[in-house]
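Protein sequence lines correspond, in order, to chains V and Z.
Take the first sequence: its position 260, counting from 1, is numbered 260 in my numbering, and each next residue is one higher.
Every position in the second sequence, counted from 1, becomes a number in my numbering once 1000 is added.
Honestly, the hints are just simulated from the structure, not real lab data.
Mixed in with the good hints there might be a few duds.
Stated by the list, open to error - The list that follows gives simulated cross-link-like pairs (lysine-lysine, BS3-like), each with its CA atoms no further than 30 Å apart: (1) Lys1095/Z / Lys1177/Z; (2) Lys1095/Z / Lys29/V; (3) Lys276/V / Lys162/V; (4) Lys1039/Z / Lys1293/Z; (5) Lys165/V / Lys29/V; (6) Lys1293/Z / Lys29/V; (7) Lys1039/Z / Lys1167/Z; (8) Lys1177/Z / Lys276/V; (9) Lys1167/Z / Lys29/V; (10) Lys1065/Z / Lys1285/Z; (11) Lys165/V / Lys1039/Z; (12) Lys162/V / Lys29/V; (13) Lys1065/Z / Lys29/V; (14) Lys276/V / Lys165/V; (15) Lys1167/Z / Lys1177/Z; (16) Lys1039/Z / Lys1095/Z; (17) Lys1167/Z / Lys1285/Z; (18) Lys1095/Z / Lys1167/Z; (19) Lys165/V / Lys1095/Z; (20) Lys276/V / Lys29/V; (21) Lys162/V / Lys1095/Z.
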Amino acid sequence: MSSDFWIILTACLMSAACGLLGCFLILRKMALIGDAISHAVLPGIAIAFLLSGTRDSLAMMIGATALGLLAVFLIQWLQNSGIQSDASIGIIFTALFAIGVIIISLNARNIDLDLDCVLFGEIAYVQWDTWTANGIDMGPRSVWMLGSALLIILLLLALFYKQFKISAFDPAMAVACGIPVMLFHYLLMGMVSMTSVASFESVGAILVVGMLIIPASTAYLLTDRLGRMLMYSVLTGVVSSIIGYYTAYVLNASIAGSIVTVAGILFGIAFVFSPKHGVLIRRLRQRRSQGTAIAE
Amino acid sequence: MWNTIGALILDPNVRWIIVGCMLLGLSSGVIGSFMVLRKQSLIGDALAHAALPGICIAFMLSGVKSTGGFFIGALVAGVLATFGIRWITQYSRIKQDAAMGIILSFFFGVGVLLLTHIQHSGDGGQSGLDKYLFGQAASMMQSDVYVLAGISLLMIVICVALFRLFKLISFDPGFAKGMGLPVAFLEQLLLLLTVIIVVAGIQAVGVVLMSALLITPAIAARFWTDRLHIMVMVSGIFGALSGLIGTLWSGMVSQLPTGPVTVLAATVFFAISALCAPRRGWLAKLWSRKQTKDQWQRQGGISHE
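Extracted from the complex, chain V is given alone in its bound form (with noise of 0.2 Å):
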């Protein structure tokens, strides 16, 4: 297979993903812990790296996985004993991510994993890190792992849609109706984690950051219903994968980049010409409402 096809699959799943879980993070206020996760599973990569000298170990999707829960669970704990939300993701994700670089920059002989790979990704290479079991060929690792994730993520939601779509909107409710909120906080946030990881290789701890609100954001600004706004997240999110990849084919640059610049731009293309929450349709509908006040 042609190696477009698989870089653009891989990105597609990573956005897929990602734009999923953003909608929640977006409608839960917390899209800054989205940023601290994808930045807080770097040590968690990093030790499990070297503990068992691979890359495509369950142990290190495992390990850092647990890494990112580990920061939210610093982060809330923090805020409970009375420190701002965002002073206190800001010092937890960067202590984090302080000790990963050190550790890779200490072990930089043994670790195969380049800091700059860590933090942009080298989506152009997934087809040459392939996945073999019983010496057959199963195409690029990156899709494998990200397709399980994609596959998780959608098991979950559908499975307990309503819980997670009223914890989104009124915690308070939520819990009233007896919803366990902390655990599907927590069930969230792995998901977050887990995406993070996964896609770590492929688009970079930075950019995930990108995929994970901004083509969410672009569907709050399109819709008021939770179902369509999942979709056109992920239809954002693809629609920036694919325009992306040829960005970059005809710039030369790096692929992960030019998706999350595409992204932008789709974004301000809603923010402004949204027929909803646009800022032109609210500018007619201002002068139009000012024309009225007048004739009347």
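Based on the hints, put chain Z in the right spot on chain V.
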């Protein structure tokens, strides 16, 4: 160990770097206190990421790596980013945290796009441009330290001169407005100072970790006092000490980057403060709870009559 530290301090090159990092820690601690009190801690993170495209465009326009050019590019990008965040929150229903995330990752995405475009186009002068991402204090030269020292001094002078005004807009912007102060202008000025210090610090500690220097010392200082001028001073001292420890330690161990060690030192200051600070610290709270309990029991405890 003390011998190596002594040797490091005597080395004139290292001494410059130490001075630079300490000044950086000092001034970001001072500015950070105001940002933390104004509940805008993470704006530093957004600004640091936003600087990348500015640096790249400055390089593309000038074709050389000059600290001055990068500084101006990053400054312009940072100011644009603050406007972007404000527009998004003002003209749509997107909240501030999401707006910050959007601007941060979009600017960074554009930056990565430009950076890789420059790298792939094979211009020999671009090597080392990516050093700006992780920060390499060891690459600071004497002229860089002069620039950093000048900026830090300017910051501190402005903060001292406008201390009362900054204090007012940090605690009660509504009242400040009522008094007829130019609140919007002062807020923009504070933001501009943050942009300047972030841009100056990127070279030493890197894009990702710059925000820690703004947040962590300030929150650590908050544990020790309720008075703003003491908090600002303590925060500055914590920042400067973190810079000192970071530089010394990374100088002693090979391959240890300066930025992360500085950040970890700041985190240790935070942990110590959160544990041991009088009154607000964790231990002090435990102690006072125990005292209250004992007193209650001495008085006879709960009676079940």
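So, going through the hints one by one against the coordinates:
no.: 1; hint: Lys1095/Z / Lys1177/Z; result: holds, 24 Å
no.: 2; hint: Lys1095/Z / Lys29/V; result: holds, 7 Å
no.: 3; hint: Lys276/V / Lys162/V; result: holds, 25 Å
no.: 4; hint: Lys1039/Z / Lys1293/Z; result: violated, 35 Å
no.: 5; hint: Lys165/V / Lys29/V; result: holds, 14 Å
no.: 6; hint: Lys1293/Z / Lys29/V; result: violated, 39 Å
no.: 7; hint: Lys1039/Z / Lys1167/Z; result: holds, 13 Å
no.: 8; hint: Lys1177/Z / Lys276/V; result: violated, 34 Å
no.: 9; hint: Lys1167/Z / Lys29/V; result: holds, 28 Å
no.: 10; hint: Lys1065/Z / Lys1285/Z; result: violated, 52 Å
no.: 11; hint: Lys165/V / Lys1039/Z; result: holds, 29 Å
no.: 12; hint: Lys162/V / Lys29/V; result: holds, 19 Å
no.: 13; hint: Lys1065/Z / Lys29/V; result: violated, 40 Å
no.: 14; hint: Lys276/V / Lys165/V; result: holds, 22 Å
no.: 15; hint: Lys1167/Z / Lys1177/Z; result: holds, 13 Å
no.: 16; hint: Lys1039/Z / Lys1095/Z; result: holds, 14 Å
no.: 17; hint: Lys1167/Z / Lys1285/Z; result: holds, 28 Å
no.: 18; hint: Lys1095/Z / Lys1167/Z; result: holds, 26 Å
no.: 19; hint: Lys165/V / Lys1095/Z; result: holds, 19 Å
no.: 20; hint: Lys276/V / Lys29/V; result: holds, 21 Å
no.: 21; hint: Lys162/V / Lys1095/Z; result: holds, 24 Å
Checked against the numbered hints listed earlier, the structure breaks hints 4, 6, 8, 10, 13; every other hint is satisfied.
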